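Q: Which chain is which? The protein sequence lines are A and G, in order. When we follow the working numbering, the leftmost residue of the first sequence carries the number 54, and every step to the right adds one. When we follow the working numbering, the leftmost residue of the second sequence carries the number 96, and every step to the right adds one.
To be clear, the hints were calculated from the coordinates, so they are not data collected in a lab. Note that the structure is predicted; figures quoted are calculated from it, not measured. Note that beta-carbon positions come from the ideal geometry of N, C-alpha and C, so glycine has one too. Among the hints, erroneous ones may be present.
[Said to hold, decoys possible] Derived list of chain A stretches under chain G, where covered just means 3 residues or more per stretch with a C-beta under 8 Å from a C-beta of chain G:
#1 182-191
#2 194-204
#3 273-279
#4 294-302
#5 369-381
[What the hints assert, rightly or not] Just a sample of chain A residues kept apart from chain G, beta carbon distances all over 10 Å, derived:
#6 E79
#7 L177
#8 D363
#9 Q408
#10 S418
#11 E430
#12 R471
Each chain, written out:
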Amino acid sequence: MNRAIVIGGGADALVAAQVLARSGREVMMIESDTGLLDEGWVPPKVLRELKIEGLELRWPEPWASVPLAAGGRLELSRDMARSVESIRRLSERDAERWPQFCERMARLARFMEKIYSAAPPNPLDIGFAMQARRLGRRGLTDLLRILPMPVAELLDDWFESDALKGALGAAGVLHLLQGPRSSGTGLRLLHYHVGCPPGVFRAPRSNILEILRRMPRVELENTEVQRIAVRGGEVAGVVLEDGRELEASVVVSSAGPRRSLLELIEPGWLDPELARALRHVRRRGVAARLRLQLDRSPGFAALALAPSLDYLERAYDDAKHGRVSRAPYVEAHCDERHRVEALVQYVPFGVESSQLQEKTIALISEHWGDAQPQHAELAAPRELEQFEGWPEGQPHQAELALDQALWMRPHPELAQYRTPIRGLWLCGPAMHPGAGVAGASGLHCAHAILGR
Amino acid sequence: MAAAAYDAIIVGGGHNGLVCAAYLARAGRKVLVLERRERIGGAALTEEVFPGFKFSVFSYVVSLLRPEIIRDLELPRHGLHILPLESTLTPLPNDYLIQWNDHDQNRRELARHSLRDAEAYDEFGLMLHQMARAVKPLLAMAPPDPTSLAFGELLGMKRLAEHFRALGAKRFNQLTKLLTMSSAEFLDEWFETEALKATKSASGIIGTLLGPRSPGTAYVLLHHYMGELDGVFRAWGFAKGGNGSVSAAIGAAAQAAGAEIRCNASVQKVLVSYGKARGVVLENGEEIRAKLVVSSADPRRTFLGLVDEKHLPGPFLESIRRFRFRGSSAKVNLALGELPDFTCLPGRGPHLRGAVSISPSVAYLERAYDQAKYGEPSSEPYMDIVIPSLLDPEMAPPGKHVMSIFVQYAPYHVNGGWTDARREALGDAVVNTLSQYAPNLKGAILHRQVVTPADIERIVGLTEGNIFQGELSLQQMFFLRPVPSWAKYRTPVSGLWQCGAGTHPGGGVMGASGRNAALQILGAA
Numbered sequence: 054m055n056r057a058i059v060i061g062g063g064a065d066a067l068v069a070a071q072v073l074a075r076s077g078r079e080v081m082m083i084e085s086d087t088g089l090l091d092e093g094w095v096p097p098k099v100l101r102e103l104k105i106e107g108l109e110l111r112w113p114e115p116w117a118s119v120p121l122a123a124g125g126r127l128e129l130s131r132d133m134a135r136s137v138e139s140i141r142r143l144s145e146r147d148a149e150r151w152p153q154f155c156e157r158m159a160r161l162a163r164f165m166e167k168i169y170s171a172a173p174p175n176p177l178d179i180g181f182a183m184q185a186r187r188l189g190r191r192g193l194t195d196l197l198r199i200l201p202m203p204v205a206e207l208l209d210d211w212f213e214s215d216a217l218k219g220a221l222g223a224a225g226v227l228h229l230l231q232g233p234r235s236s237g238t239g240l241r242l243l244h245y246h247v248g249c250p251p252g253v254f255r256a257p258r259s260n261i262l263e264i265l266r267r268m269p270r271v272e273l274e275n276t277e278v279q280r281i282a283v284r285g286g287e288v289a290g291v292v293l294e295d296g297r298e299l300e301a302s303v304v305v306s307s308a309g310p311r312r313s314l315l316e317l318i319e320p321g322w323l324d325p326e327l328a329r330a331l332r333h334v335r336r337r338g339v340a341a342r343l344r345l346q347l348d349r350s351p352g353f354a355a356l357a358l359a360p361s362l363d364y365l366e367r368a369y370d371d372a373k374h375g376r377v378s379r380a381p382y383v384e385a386h387c388d389e390r391h392r393v394e395a396l397v398q399y400v401p402f403g404v405e406s407s408q409l410q411e412k413t414i415a416l417i418s419e420h421w422g423d424a425q426p427q428h429a430e431l432a433a434p435r436e437l438e439q440f441e442g443w444p445e446g447q448p449h450q451a452e453l454a455l456d457q458a459l460w461m462r463p464h465p466e467l468a469q470y471r472t473p474i475r476g477l478w479l480c481g482p483a484m485h486p487g488a489g490v491a492g493a494s495g496l497h498c499a500h501a502i503l504g505r
Numbered sequence: 096m097a098a099a100a101y102d103a104i105i106v107g108g109g110h111n112g113l114v115c116a117a118y119l120a121r122a123g124r125k126v127l128v129l130e131r132r133e134r135i136g137g138a139a140l141t142e143e144v145f146p147g148f149k150f151s152v153f154s155y156v157v158s159l160l161r162p163e164i165i166r167d168l169e170l171p172r173h174g175l176h177i178l179p180l181e182s183t184l185t186p187l188p189n190d191y192l193i194q195w196n197d198h199d200q201n202r203r204e205l206a207r208h209s210l211r212d213a214e215a216y217d218e219f220g221l222m223l224h225q226m227a228r229a230v231k232p233l234l235a236m237a238p239p240d241p242t243s244l245a246f247g248e249l250l251g252m253k254r255l256a257e258h259f260r261a262l263g264a265k266r267f268n269q270l271t272k273l274l275t276m277s278s279a280e281f282l283d284e285w286f287e288t289e290a291l292k293a294t295k296s297a298s299g300i301i302g303t304l305l306g307p308r309s310p311g312t313a314y315v316l317l318h319h320y321m322g323e324l325d326g327v328f329r330a331w332g333f334a335k336g337g338n339g340s341v342s343a344a345i346g347a348a349a350q351a352a353g354a355e356i357r358c359n360a361s362v363q364k365v366l367v368s369y370g371k372a373r374g375v376v377l378e379n380g381e382e383i384r385a386k387l388v389v390s391s392a393d394p395r396r397t398f399l400g401l402v403d404e405k406h407l408p409g410p411f412l413e414s415i416r417r418f419r420f421r422g423s424s425a426k427v428n429l430a431l432g433e434l435p436d437f438t439c440l441p442g443r444g445p446h447l448r449g450a451v452s453i454s455p456s457v458a459y460l461e462r463a464y465d466q467a468k469y470g471e472p473s474s475e476p477y478m479d480i481v482i483p484s485l486l487d488p489e490m491a492p493p494g495k496h497v498m499s500i501f502v503q504y505a506p507y508h509v510n511g512g513w514t515d516a517r518r519e520a521l522g523d524a525v526v527n528t529l530s531q532y533a534p535n536l537k538g539a540i541l542h543r544q545v546v547t548p549a550d551i552e553r554i555v556g557l558t559e560g561n562i563f564q565g566e567l568s569l570q571q572m573f574f575l576r577p578v579p580s581w582a583k584y585r586t587p588v589s590g591l592w593q594c595g596a597g598t599h600p601g602g603g604v605m606g607a608s609g610r611n612a613a614l615q616i617l618g619a620a
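In isolation and in its complexed conformation, chain A is listed as follows:
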């Protein structure tokens, strides 16, 4: 039986399925109704391999509008000169430093792109060391220093304006139960900069899902997998919701490592130590999602309510002690049809958040002029788990924290996409490079399966 079954419908699963199909395997995708993110940079390697054309990466313009206490907005744009002008109104010094900061970060992001375009590196490997050296002395020093650093310290080193630091610092904590003063958040500023033009620090959206879905060669089945069948330590296929069993010699799961290995396979096949480690893979959802329809344009493409690093840190303090942030960080995007989608952080999983919808609308409405909301719907992490299938409401399946990144993502023994069950492989946001990079883990996983 040379069939491969791919579980899940995200970009990573679709890419894995396509690569396997093109190698001559019969591939079947089992797509459940899991909420998908069309977020993230798509490495050129994915595009080349699948001969994808017409990919559009989209950033709002400006990518962040930050309301200022004194009135007006800080607008961070793809256009360097415009950003500089906007920053200049806050701080002459920051405006002067902005291009240099962007240049230094972009250099590091280009390096991260290389790291993300392959399976996780082995830190002890000489090849990796040589690759890193190409960054040059200052680049390498920057990288080694910034990755483990709190994003707040990095930004304090460079800038003095609270609004600027707040908007940038937010990238350090998106979907993470940490504050900007926690170590390791520096890594995330670079992570969300990967694939971006200099001066943009948010993952793009794209049409990658549409493009992948239009591709032939893969049989699709829209149902739930009940379990992954294992015989003699080797994968045998999957059992569907309706009881049907599909045989396969290869199963690729993008359902997340904890779900795939602890829930979908029968207990007993895993080494207890690995099972314990998997239970400790952290995947705590921290953001609620507000969707609303406005009757007219709110006058922003991307509104970031994170007025300072302290504001973010205080928002985290609440969450750390198990409460919804009294003053949450909000990032709201509006499309051309005046639909607003806002991320509201921090909202810990399972915590009472009844007033949150009104509160968030009140927060944003201060900045949308005369627009009127017509329909609004807030989903806290618990609802996101229920309706989108994100465990604990965390879309990344494994938090992108320092100890769950690179060759430790989601756990060192699983980082190479392989599992101890022969024939069972992992891809998806929980796998390197994961969360916010589309298709790459699917590609690396498929390559590992094919022994490339």
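Dock chain G against chain A, hints included.
A: Only chain G this time, still in chain A's reference frame:
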């Protein structure tokens, strides 16, 4: 130009300066130690603060002092005598947790709280022991510079990679996890008893302005575990005569080897000409020439104080300026008329001879940190307490006692700055919090000394009162300590070296920086 009177001048007579001096003197170098204060010791000092009551005013326990230093310098012969602390008591509102050095006793106590934790404890200890062994060789190493293509550095990196490879994949993975995790999350993976997790994770926050849930603190936890190794003395110990006797022993060893020590000799400047250090100028204008100058002062004092900026390259200065200190700890020293009586464990039991840790839960520590982040001292701080007079009766008059309380967080950058009122308020917060667990304490206090980070800076000269001469955070460790490319104790000024805790491997009365620097200096000559 006058001929050099000494081979090396050591700036600062703290334990690292003295260790460095001792090693250089033993190798036959003519060494002069210059100490600003009236006595040696730096932050390892015993002082009779109140008549009859002696205190280790600043650092107060020993454990991390490298065993090779104790052996090489024959410190016991020079008067070092370490008395073990046998337990750590964590009082709780209605209960207590006590960790014993004695294995069986410890297991029984843990099992009272959680059978699972008692089971996990041995495995945890073994794992930490393995991790500590994996890191130990790094402590005695001058960190190679991964950004350099020089042959020696490449060789160093290769050796380092080989060391890690030899650990095997599993241990290497554990080690990288330990380096990148928060102490609280790391402990969450092992234990369920809140007080156990909190007390253990507290050693991950010492000397940093980070909370137990911030990544990187697991390494600091390991750093503090390093002392429980080597079998020289297990666990934490107390130096007979206070921590001043640690400095005194090292000083005596240095003198016995021929080093000269001058107190009341405050160095004002390092003399530099033609890019080379030639000696120092004292505050009274006296010039002393030497072939080498080794500074045990912290990086900021050394490079932004003692050396004229024009001798240092711009990027180096920039890195020194952003090196973070952010002192976060204070000391409260109490002279007591009677012993504290803990509600949870009344009477004068063996528990008083060990440490007492006020760390009932991780959330408690995080709340203490929350206040400090925004510039307020914790109203209910984390405390690590010892009663030295129970171990060494000479520390206090008969029947009376001294209590040493390490307090965190007391941020150096407190809102409005440190004032007398602020200092006393901190003392009150400490006494009030502790009185919740030992109600007789207030009435037992005869004298109280409160040492804030600002006091530590003023008295000992540690910038921002940071007890490690700079935060021990991931981005300030190993080859990044204190500055990338300058982690091998050298400086951009030829003939000027650094040997303080601001260099690898950092603080904690380890002495490793002083020893490593001396070995580098001797190797270079």
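Q: Among all the numbered hints in the text so far, which are the ones the structure does not match?
A: Hint check: 3, 4, 7 and 8 fail, others pass.
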